[in-house]
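Modelling step: build the complete structure from the supplied sequences, incorporating the hints.
In the order they appear, the protein sequences are chains A and B. Here my numbering is used: the first residue of the first sequence is 1, the next is one more, and so on. Here my numbering is used: the first residue of the second sequence is 816, the next is one more, and so on.
There could be a bad hint or two in this list.
What the hints assert, rightly or not - When the alpha-carbon atoms are kept at most 25 angstroms apart in a straight line, the in silico DSS-like pairs for lysine-lysine are as follows: (1) B:Lys-844 with A:Lys-285; (2) A:Lys-566 with B:Lys-844; (3) B:Lys-847 with A:Lys-548.
Worth flagging that the hints you see were computed from the coordinates, not collected in a lab.
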Amino acid sequence: MSAAQTLPEELRYWSEEPTGRADRRRVRARIGGLHCSLCTGTIEKVLGRRPGVHKVAVSLTHEQALVDYDPAIASADGLMGTLREMGYTLSDPRKLRPFDEEERALVRERRRFLTALGMSIAAMGFIGYPVNSPWFALCVFSLASLVAFSFVVLRGHGLRWALTGTATMAALGTGIYALKLRGAFGPAIPWITGLLALILIFGVGFHIVRMAAQALRRGILNQHVLVELGAFAGLTGGFIGLVFRPSHYPTAAFFAVAVMVLSYHIFSEWLSLIVKTRSSQAVKKLLDLEPDVAHVVRDGREQELPLEQVRVGDHVRIRPGGRVPVDGEVESGESDVDEALVTGEPVPVEKSPGDKVVSGALNGHGTLLVRVMAVGEDSFLRQVVRSVEEARALKPGLLHLVDRVLRVYTPFVLLTAFGATLFWLLGPLALGLSPDLGRAVFAGLSVLVMGYPCAVGISAPLSIVRGAGEAAERGVLMRTGEAFQALRRVTHVVFDKTGTLTEGRPALRQRVPIACTEDELLALASAAEAFSEHPLARAVVAAAFERKLPFPEAQAFEAVAGRGVKARVGDTALAVGSPAFVAAAGVDLSSQAARIRELETAGLTVIAVARERTLLGLLALGDALRPDAADTVKRLHALGMRTSLITGDNEHAARHFARAAGIEQVHAQVLPAEKAAILRRYQETDRVAMVGDGINDAPALMQADVGIAFGTGADIAIESADVVILNRCLGAVLDAYAVSRYSYRKIVQNITLAFLFNGIGIPLAATGLVYPVWGMVAMAASVTAIFINSLWGRGNYFFEAVKGVGRTRAAVAET
Amino acid sequence: MLKSAVFMVIGDQRLHCTSCEQRAVRILKTLKGIEQVRADASSQRIEVLFDSAELQESAIAERLGLIGYTTEAAIQPAPSAAQ
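Dropping the structure here:
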């Protein structure tokens, strides 16, 4: 086997993961050079054919490939080698691409585009028609649209910059045009334009040639192939003109059209890159990228160790407010632990020696010493990560609309070009005339040149720029192509319970006054609880505040962690806390035992309130439905969607909230991995969106056609989702849906507009009567049309997107 | 401990509408230690529930001053409910 196997871990460019079976191994790699959604299918096909390979899954959004194989037959080296032979680059998925590198790439692409744009304007000037020609107006229009284009791109850098840059471009264009009309260049024009075309194709835009070649080798006919067909056809047409010098032959125009086609393509590449980079940066901003460390106590000394070095049996200290890094058992200490993101349990759980804690939970106000029971692959978090990876592999794929169209369109262009050539060769023969070779070649090349729908490359990204901008205004981050293209087709929305349908934190749900009024009960309880930091105590005080109840000031406060508090108001003593705590203070609760049990079986936490030795009443706390939950569900139903609730919590609580929200189906006590399995079952008949926020939701979020996470949720949930809700409103699901539908409509309109000009142009070109310069006019017109259609009234979205290019990380942190 | 306080808007700039209310609530919620805020244009009251260990009343008044509201602490009604 090759040397890579002996390389140290950090030099390898992929990561290997266990699959739980001895005869299976799994490699995961980040793939560079995925240019379109057709690539994913090709990789899956090629690798899937290799002996020993069980499963291949490629995700375009995450730029990752996952391969399951039998190590006895295949090797990771060999498989990854195949990928590289296909022209993809590989890197370890665990390594993030640094921010500065991403920005540098954007700046590089911008420079490339501005160069290309300048060359286009020059080329347009060189081939302009004379003033008295009927086409003069069209030439001026094209030139003007290119100049306006430069203004739009530079606008984001401030008006002065934009005006200076635009003026330079305009001067360049008109200057060359004017000189050309006076005949200043004479016979040199074809040579100059030819040089421009050569520089653009093989210099500035050589990477596109390379990508097109790779795509062709993989048997994919994508945008890059199509654009190079157009560019090379232009080049060929020009050379024919230079060599054979036919009369009235548009040599310079052929070269110029090659320049222009590529310029537009470079622009669309840049725009796509901006869209992709920005959305991934937005997601990264939401993650708290703390290193995974644990405070390990060994030999009486505490040290901070990376998680990988923690062993089973180690003792780990967890401080107040810290995240639980390991799975284990509490050895000493007491604290309230918030497991809402892990298990879906909304009320913090009291942990004392002997209790188990799960990695990912959030520690409350006490310090715990935990004995580690599971590490690495056996730990809860790693198991969830594995389910997420599995779900990623099984996530329904999506061919992007543009790629779907191109798959049919590209062969059609080739066939038409071929057909037109053949027609002009054979047609005259059939009529007994000599074949018209010149016209045949001219017609074929013209079709290829006309064939590239320049505007198609920008049709999707521009709609996404607008859609993402509109979504952001409503507090929604649309992260992936899936978000825009799949969400509008969703027929079934699955909700997680805790933190999604509900607030995810305890709130007062019921007041049971016994020896006083409801308000008195709450006011007195708040007076004592105001001192406590326990989440339940905070919920009681908040409830009093909400009801505008002023609470008296208390003294002599005394708390027993996790049980209750004692305090004095005036000269009376209060005891507020768990029924056991209040009973221990000498209060008789026996008359209320049945009531307390009833509340507790309903999933509520009961707090008893006593003054001196009299029980004043009971407060029941529990998770509360989000205020807009019922309305959101109702509106989803009105859209004809079905709804389900999925939760790790018990059946009783699940049914209660499902009923309150109006949700039809309920799955209770579901394990994290099972959530994804339930979704897969739904996906047999429905297109499913999953809404969740917890670690335990991550596999389901990944599995769903569209995963929707809350920005306040767990990192792994956010990373697994396609849409992130930032404004904490469940109703944002509907906003995202509306944006998705709207954006998709825009994409369709744009693509239609883009192809419309070619749809007219190609048949005309096939006649061999159309000059390439008309193609350039058509391109300028279609690009302008799409800009107007996508950004009308909302140009600032585009300016904002372009403006950010090349900023520093510090500048981003400030915003 | 948690305390509630009421600020009356007394300056030239008043709470006029729902968006004034929301603005006041939003600007206060950015303070660390604020639990809940309620602003009411009809009574010109801004009621705040906050953690007195993390935040002083003067800091809340100062923050409201930043967006143009001059306030005075209102005397809370007697805790009648507790009698």
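Holds or violated: A:Lys-566 with B:Lys-844, Cα cutoff 25 angstroms? Answer violated: A:Lys-566 to B:Lys-844 is near 30 angstroms, above 25 angstroms.
Can the restraint linking B:Lys-847 and A:Lys-548 be considered satisfied, given a maximum Cα separation of 25 angstroms? 22 angstroms, holds
B:Lys-844 and A:Lys-285 were given as a pair; does the straight-line alpha-carbon distance stay at or below 25 angstroms? Answer holds: B:Lys-844 to A:Lys-285 is near 21 angstroms, not above 25 angstroms.
Hint 2 from the earlier list is the only one contradicted by this structure; the remaining hints agree with it.
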